[in-house]
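**Q** One-letter residues, chain by chain:
There are 2 protein chains.
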Amino acid sequence: MVQYPGGIKKNYLPKKKPILSTSKGFKNRGMGLESDINASNDFYNSENIALIHKRPTPINVVKVDYQRGAKITHAYFEKQSTTDYNGVFQKRYLDFEAKSTQSKTSLPISNITTHQVEHLRRVIEHGGIAFFIIGFEALSETYLLKAEDFLAFMASAKRQSLPYRWIKEKGAAIPFGMRPRLDYLKVVQQLYF
Amino acid sequence: MVQYPGGIKKNYLPKKKPILSTSKGFKNRGMGLESDINASNDFYNSENIALIHKRPTPINVVKVDYQRGAKITHAYFEKQSTTDYNGVFQKRYLDFEAKSTQSKTSLPISNITTHQVEHLRRVIEHGGIAFFIIGFEALSETYLLKAEDFLAFMASAKRQSLPYRWIKEKGAAIPFGMRPRLDYLKVVQQLYF
Numbered sequence: 001m002v003q004y005p006g007g008i009k010k011n012y013l014p015k016k017k018p019i020l021s022t023s024k025g026f027k028n029r030g031m032g033l034e035s036d037i038n039a040s041n042d043f044y045n046s047e048n049i050a051l052i053h054k055r056p057t058p059i060n061v062v063k064v065d066y067q068r069g070a071k072i073t074h075a076y077f078e079k080q081s082t083t084d085y086n087g088v089f090q091k092r093y094l095d096f097e098a099k100s101t102q103s104k105t106s107l108p109i110s111n112i113t114t115h116q117v118e119h120l121r122r123v124i125e126h127g128g129i130a131f132f133i134i135g136f137e138a139l140s141e142t143y144l145l146k147a148e149d150f151l152a153f154m155a156s157a158k159r160q161s162l163p164y165r166w167i168k169e170k171g172a173a174i175p176f177g178m179r180p181r182l183d184y185l186k187v188v189q190q191l192y193f
Numbered sequence: 001m002v003q004y005p006g007g008i009k010k011n012y013l014p015k016k017k018p019i020l021s022t023s024k025g026f027k028n029r030g031m032g033l034e035s036d037i038n039a040s041n042d043f044y045n046s047e048n049i050a051l052i053h054k055r056p057t058p059i060n061v062v063k064v065d066y067q068r069g070a071k072i073t074h075a076y077f078e079k080q081s082t083t084d085y086n087g088v089f090q091k092r093y094l095d096f097e098a099k100s101t102q103s104k105t106s107l108p109i110s111n112i113t114t115h116q117v118e119h120l121r122r123v124i125e126h127g128g129i130a131f132f133i134i135g136f137e138a139l140s141e142t143y144l145l146k147a148e149d150f151l152a153f154m155a156s157a158k159r160q161s162l163p164y165r166w167i168k169e170k171g172a173a174i175p176f177g178m179r180p181r182l183d184y185l186k187v188v189q190q191l192y193f
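Just so you know, the protein sequences line up as chains A and B, in that order. Sequential numbering from 1 applies to the first sequence in the numbering used here. Sequential numbering from 1 applies to the second sequence in the numbering used here.
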């Protein structure tokens with residue numbers, strides 16, 4: 001499950017207790033795919049390797065209290081119609097979605113919207129680099145899967161999940177380290193340049 | 001003044017009465033630089049010319065009421081540390097900020113943050129295309145100004161605004177039409193390709 005900035009879970013009608021953005025302990029615990037990607041992006045940005053940002057969570061603002069310093073008092077999370085990350089790397093446009101799972105056998109794709117699939121298809125059409133970063137948390141393994149392979153799989157197989165074996169075969173393992181935590185651009189360099 | 005999706009004004013501590021996202025009359029009135037750019041982006045996307053999206057407004061969520069369908073009850077607008085728009089056009093990464101003014105003589109730059117200036121500088125360093133779209137509403141004129149020219153101006157002149165004459169000289173006029181409303185990619189094509 002990809003997390004929002006500040007640790008808010010990306011779940012439009014969540015049933016669990018929310019993790020608030022003020023919860024620094026959660027934010028800084030250094031776990032989870034999204035925080036690894038964000039830390040890697042910070043590294044890439046500070047080292048001038050690439051400029052990649054997470055898109056903010058779209059929120060539909062209904063009511064704002066301007067008497068109290070523009071406090072938003074009524075709003076809702078909206079579904080992201082694009083992907084979570086994009087940016088520029090060696091002149092090329094780069095666009096990707098991060099998904100993680102506790103499963104050891106497959107990645108459920110029910111939370112990938114048709115809008116996001118369409119978005120990735122269009123990125124490819126316009127000559128951009130489009131992919132998924134997939135984290136199998138229980139296995140401590142992370143893969144980069146080209147959007148082209150994902151789209152081909154979706155077109156041929158009517159499944160609700162991507163098998164781990166298939167991702168391991170088709171995707172490229174992303175090395176885990178200190179700086180950056182997830183060197184996914186090393187894999188991008190090998191696959192696309 | 002760039003507007004948020006749904007017509008919320010981009011003003012972190014606004015003094016005016018808020019325009020709510022439910023105010024469809026405002027949203028669809030077809031005026032304002034941002035709605036023109038959004039309509040143009042819709043056209044570019046639907047005609048498969050380019051894939052350019054507005055980044056959502058970053059919002060710091062403090063409290064969510066999960067008993068009422070994940071209603072956000074306490075949140076604040078945050079400053080955008082990047083620009084408002086980015087995407088891909090003919091394989092190239094494209095990144096820009098839109099600013100408009102009622103002034104006929106200059107564009108105030110006080111609302112362009114140092115983070116945004118730094119962001120645009122980095123976009124250029126990584127080989128992306130970076131610019132401003134500047135709307136002089138009282139004159140019904142819109143210009144594309146390369147971020148390179150903006151940065152050079154900022155480095156030499158210690159001013160708090162960009163003079164209209166200078167923008168007219170350095171920038172490129174963006175034609176206004178029906179489809180798209182603001183054909184800024186025509187100008188990008190001429191300037192960068």
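Among these hints, one or two may not hold up.
One copy or two, it doesn't matter: identical chains are merged, so the pair holds either way.
[Stated by the list, open to error] The calculated lysine-lysine pairs, modelled on DSBU-like cross-linking and capped at a C-alpha distance of 35 Å, are:
| no. | residue 1 | residue 2 |
| --- | --- | --- |
| 1 | Lys63 | Lys104 |
| 2 | Lys71 | Lys54 |
| 3 | Lys170 | Lys71 |
| 4 | Lys170 | Lys63 |
| 5 | Lys71 | Lys104 |
| 6 | Lys158 | Lys63 |
| 7 | Lys99 | Lys168 |
Source of the hints: derived by calculation from the structure; they are not laboratory data.
**Q** Which holds for Lys71 with Lys104 at a C-alpha limit of 35 Å: within a copy, between copies, both or neither?
**A** between (43 Å within a copy, 33 Å between copies)
**Q** Given a CA cutoff of 35 Å, do Lys71 and Lys54 count as a within-copy pair, a between-copy pair, both, or neither?
**A** both (24 Å within a copy, 23 Å between copies)
**Q** 35 Å Cα cut-off: does Lys63 pair with Lys104 within a copy, between copies, both or neither?
**A** between (43 Å within a copy, 33 Å between copies)
**Q** 35 Å Cα cut-off: does Lys170 pair with Lys71 within a copy, between copies, both or neither?
**A** neither (47 Å within a copy, 40 Å between copies)
**Q** For the identical chains here, do Lys170 and Lys63 meet the 35 Å Cα criterion within one copy, between copies, both, or neither?
**A** For Lys170 and Lys63, neither the intra-copy (47 Å) nor the inter-copy (41 Å) Cα distance is at most 35 Å.
**Q** I want to check one pair: Lys99 and Lys168. Are their C-alpha atoms no more than 35 Å apart within a copy, between two copies, both, or neither?
**A** within (15 Å within a copy, 46 Å between copies)
**Q** Taking 35 Å as the upper bound on the Cα-Cα distance, should Lys158 and Lys63 be classified as within, between, both, or neither?
**A** Neither: 42 Å inside a copy, 39 Å across copies.
In summary, the structure is inconsistent with hints 3, 4 and 6 from the numbered list given earlier, while agreeing with the others.
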